[in-house]
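Starting from the given sequences, assemble the full structure and let the hints guide the process.
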Amino acid sequence: MTSNNSHFVAPIEETPLQATDAVKTDQAPLSLWADAWRKLRRRPLFIISALLILALIVIALFPGLFTSTPPNEGCELGNSEGAPTAGHPFGFTFQGCDVYSRVIHGTQASLSVGLLSVLCVLVIGVTIGAIAGYYGGWIDAVLARLGDIFFALPLVLAALVITQLPLFRENKSVWTVVFVISLLAWPQMARITRGAVIEVRNSDFVTAARSLGVSKFGALIRHVLPNALAPIIVLATLELGVFIVAEATLSFLGIGLPQSIMSWGNDIAGAQASIRTRPEIMLYPAAALSITVLSFIMLGDAVRDALDPKSRQR
Amino acid sequence: MRDKEMTSPDVRIDEAGTTGVRPLLEIRDLAITFKTGGGEVQAVRNAHLTIMPGETVAIVGESGSGKSTTALAAIGLLPNNGRVSGGQILLDGEDIAHTTEQRMIELRGNTIGMVPQDPMSNLNPVWKIGYQVRETLKANGRPSGPDDIAKVLSEAGLPDAKRRANQYPHEFSGGMRQRALIAIGLSCQPRLLIADEPTSALDVTVQRQILDHLETMTNELGTSVLLITHDLGLAAERADKVVVMYQGRVVEAGPSLELLRNPQHPYTKRLVESAPSLASRRIQAAREQGLETADLLAPAAETAKSDTFLQIQDLRKVYKLRQGLGKATDFAAVDGVSFDVRRGTTTAIVGESGSGKSTVAKMVLQLEKPTEGRILFDGVDTSALKPAELFKFRRRVQPIFQDPYGSLDPMYNIYRTIEEPLRVHKIGDQASREKKVRELLDQVALPQSTMQRYPNELSGGQRQRVAIARALALDPEVIICDEAVSALDVLVQAQVLNLLADLQANLGLTYLFITHDLAVVRQIADHVCVMEKGRLVETGSTDEVFESPKQDYTKALLNAIPGAKLMLPPEVA
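Going down the list, the protein sequences come from chains A and B. If you use our numbering, the first sequence corresponds to residues 1482 to 1795, in order. If you use our numbering, the second sequence corresponds to residues 96 to 668, in order.
Treat the hints loosely; a few may be bogus.
In silico EDC-like pairs for lysine to aspartate or glutamate, Cα to Cα no more than 20 Å straight-line [what the hints assert, rightly or not]:
{"id": "1", "chain 1": "B", "residue 1": "Lys650", "chain 2": "B", "residue 2": "Glu639"}
{"id": "2", "chain 1": "B", "residue 1": "Lys628", "chain 2": "B", "residue 2": "Asp647"}
{"id": "3", "chain 1": "B", "residue 1": "Lys223", "chain 2": "B", "residue 2": "Asp243"}
{"id": "4", "chain 1": "B", "residue 1": "Lys464", "chain 2": "B", "residue 2": "Asp430"}
{"id": "5", "chain 1": "B", "residue 1": "Lys364", "chain 2": "B", "residue 2": "Glu353"}
{"id": "6", "chain 1": "A", "residue 1": "Lys1520", "chain 2": "A", "residue 2": "Asp1685"}
{"id": "7", "chain 1": "A", "residue 1": "Lys1697", "chain 2": "A", "residue 2": "Glu1495"}
{"id": "8", "chain 1": "A", "residue 1": "Lys1697", "chain 2": "B", "residue 2": "Glu463"}
{"id": "9", "chain 1": "A", "residue 1": "Lys1697", "chain 2": "A", "residue 2": "Asp1685"}
{"id": "10", "chain 1": "B", "residue 1": "Lys531", "chain 2": "B", "residue 2": "Glu639"}
{"id": "11", "chain 1": "B", "residue 1": "Lys364", "chain 2": "A", "residue 2": "Glu1495"}
{"id": "12", "chain 1": "B", "residue 1": "Lys628", "chain 2": "B", "residue 2": "Asp612"}
{"id": "13", "chain 1": "B", "residue 1": "Lys364", "chain 2": "A", "residue 2": "Glu1494"}
{"id": "14", "chain 1": "A", "residue 1": "Lys1520", "chain 2": "B", "residue 2": "Glu135"}
{"id": "15", "chain 1": "B", "residue 1": "Lys464", "chain 2": "A", "residue 2": "Glu1680"}
{"id": "16", "chain 1": "B", "residue 1": "Lys233", "chain 2": "B", "residue 2": "Glu196"}
{"id": "17", "chain 1": "B", "residue 1": "Lys628", "chain 2": "B", "residue 2": "Asp430"}
{"id": "18", "chain 1": "A", "residue 1": "Lys1697", "chain 2": "B", "residue 2": "Asp243"}
Derived by calculation from the structure, the hints in this document are not laboratory data. Values in this document were obtained by computation on a predicted structure and should not be read as measured data.
Spelled out as structure tokens, the structure:
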């Protein structure tokens, strides 16, 4: 044992002194988004969901590439609940239409309802949430109560009431469904935005910007919102899936898209008649719906992990 | 306070002890490895450490030096991705680095106690203090009745312990929470207490009380203490031996005073030179020289203008504290504060948390409106400024904030961050702004390649230099530093303080320096205002206040600077 009181000095050549606080210049600069992208790129969850979503988008934009049967054509009652044949791999519906073609053409309606609803919800929810969170006080109180009112309405019940209004009863379209969904779903987005904005608004960099002469609103747009984006993006991705389900639910109940528009919800509703004899007619649109929703939710999870500030290097 | 006279006998006891007594804790060749995304990283290498029974040993080092990791290894609480990859940790001869978790559970609390760093987050907010003490006592099979709990708490210096035991952590102040944590750490009378920065979150006067009390208690119980700290002055004052760690290695170890007076390793030398609590008036002296050259260069009219630049008159700020429905009480955060700041000088406002010093800064920056009183900036009352005038005022007065991690927008790269003030004030075009940003980076001694980087890629000191560059972008006349160096490691802190002093000399800046750290004040300030509970208790030149403080509060603050007395002998010699 060495003497307890000795004065130990490490060999200097083994412990070289480095410049105090030198800037590391060995790595390429990384922004938050570049960093998130680098992390996402390597995650199987992201790759699978992104490929699926890409495929869905291509199907939605160019359904003609995947099926030669145009929608709502070639339906012959003679084929009712017919088994798969050449060129009709999924068989026929109760009405004698080609199931495969209907599933392919239904993609467009489902995706567009989902995307458009998310866009509307983003515009309404982020604006209201950001104003409420950033300015606080009575504005916040009023907007928060307003949000609570819409939050308390059950989707199906409210949709039933709204779609029975004369204006909507007459001209059902993708837009009416988007309107109903956005009207009922924005408070969730507003809440998340409000929370994120409150978290950021007291940061020193916002105070610093204000004391540089940036206006209060300018600081919200330039500094607060960009830093509050991560949870908003995650929620938007997750909600895309949720809204597609909502559209299917409404269409299934007959209060969503009109029969003239092909959608998975309508298909599932139509397949009810054959559920005992040919359950697989319902299986195909339902599977398409599940895969779509699952890929958006997986994407949301992957994005959430990638944007998690805790996992970021300081 | 322990100073030279008191430590010497202890040292002698240790000398006698080395002949026969076995060390309580002996760390040999310790290596600790962490698994990270980028592979295995060695956090600690070849660490040696010996603690004799009853001895206090301090590990000193900057953040990331491995000091806390070493301590956590000694109590077997390394994070899941870390492991001891070499060497031994011998507790009374038993290797606890490679023992079972069962054995470690037996040892923790009973034999090795721990006082963690942050009193705010280390007590469970949903349980009463008494319950949390009882948990420890029960886990180690000790009597845990209400009286035992009260005894443990009162021994840690909590007055009225019986009643206090029934309170929740949020009802305790920071100092009281730290006492409760010390009570928990020492409740089972361990033979070794690991104190990881036990007072770094507390005010200096509270820090002193807590450390004094901890010392008395551990002396009575004969407990050995392993103290982890970043403050060399504090370590030297409280410990018998100091171990200096740097980049995961022990670079120097020895008796405290010996190490302080005769540092051998270049890193220790650097630390001793920079430790603010041990500081002389080095920077001020350097700066005075700088001022002289600036004076020589400046036209005569400029020097004549060296008058009162910023006048604070009877400043008062009252906040309404809500107390249930409709009820509100007034709380004066700042109460009747008046002082002057002269052009080209540094005025420091010193105070503990809650003294209202930051509120004064916010009012001077026009981020808060004073309830009463006036702020005259260059002879103009700032409260009467119209928006356009306020916009111009912002060009002349710029802040630097405390938290280097919070004051830069993480979404902006360094170029955009420094360029923002120029863009907001519509100064110059793209090319001239880029040139200006490059100049500013040179001024704060950052390489120009930093421009494309993001704040998360820089260290705390580098971020603070970016914040300084941003503040300088508009060529301001006054810079308000709100705890601008408090969050930095000592060496980096010294570097930033030097930078600030150089900039003042070159650019004739006026600083208003808000800080809780008197040691820093002595390094940088010409004038000091001491604040306590919203009131100004003492003002004067730095020399006056430090050499002959008039108020008891100022004296208490000065006495509480750790290690303040330690360096006096060598200076005399």
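For each hint, the structure was consulted:
1. B:Lys650 x B:Glu639: holds (12 Å)
2. B:Lys628 x B:Asp647: With Cα atoms ~14 Å apart, B:Lys628 and B:Asp647 stay inside 20 Å; holds.
3. B:Lys223 x B:Asp243: Within the cut-off at roughly 15 Å; holds.
4. B:Lys464 x B:Asp430: The given pair, whose Cα atoms are some 14 Å apart, holds under the 20 Å limit.
5. B:Lys364 x B:Glu353: The given pair, whose Cα atoms are some 12 Å apart, holds under the 20 Å limit.
6. A:Lys1520 x A:Asp1685: Violated. A:Lys1520 to A:Asp1685 sits at ~28 Å, over the 20 Å cutoff.
7. A:Lys1697 x A:Glu1495: Since the Cα atoms of A:Lys1697 and A:Glu1495 sit roughly 54 Å apart, the hinted pair is violated (cutoff 20 Å).
8. A:Lys1697 x B:Glu463: holds (14 Å)
9. A:Lys1697 x A:Asp1685: Roughly 14 Å separates the two Cα atoms, so the pair holds.
10. B:Lys531 x B:Glu639: Answer violated: B:Lys531 to B:Glu639 is near 40 Å, above 20 Å.
11. B:Lys364 x A:Glu1495: With Cα atoms ~17 Å apart, B:Lys364 and A:Glu1495 stay inside 20 Å; holds.
12. B:Lys628 x B:Asp612: This hinted pair holds, its Cα atoms lying about 16 Å apart.
13. B:Lys364 x A:Glu1494: holds (16 Å)
14. A:Lys1520 x B:Glu135: Judged against 20 Å, a Cα distance of about 19 Å means the pair holds.
15. B:Lys464 x A:Glu1680: violated (23 Å)
16. B:Lys233 x B:Glu196: Holds, because 19 Å separates the two Cα atoms, which is no more than 20 Å.
17. B:Lys628 x B:Asp430: Since the Cα atoms of B:Lys628 and B:Asp430 sit roughly 8 Å apart, the hinted pair holds (cutoff 20 Å).
18. A:Lys1697 x B:Asp243: violated (56 Å)
Checked against the numbered hints listed earlier, the structure breaks hints 6, 7, 10, 15, 18; every other hint is satisfied.
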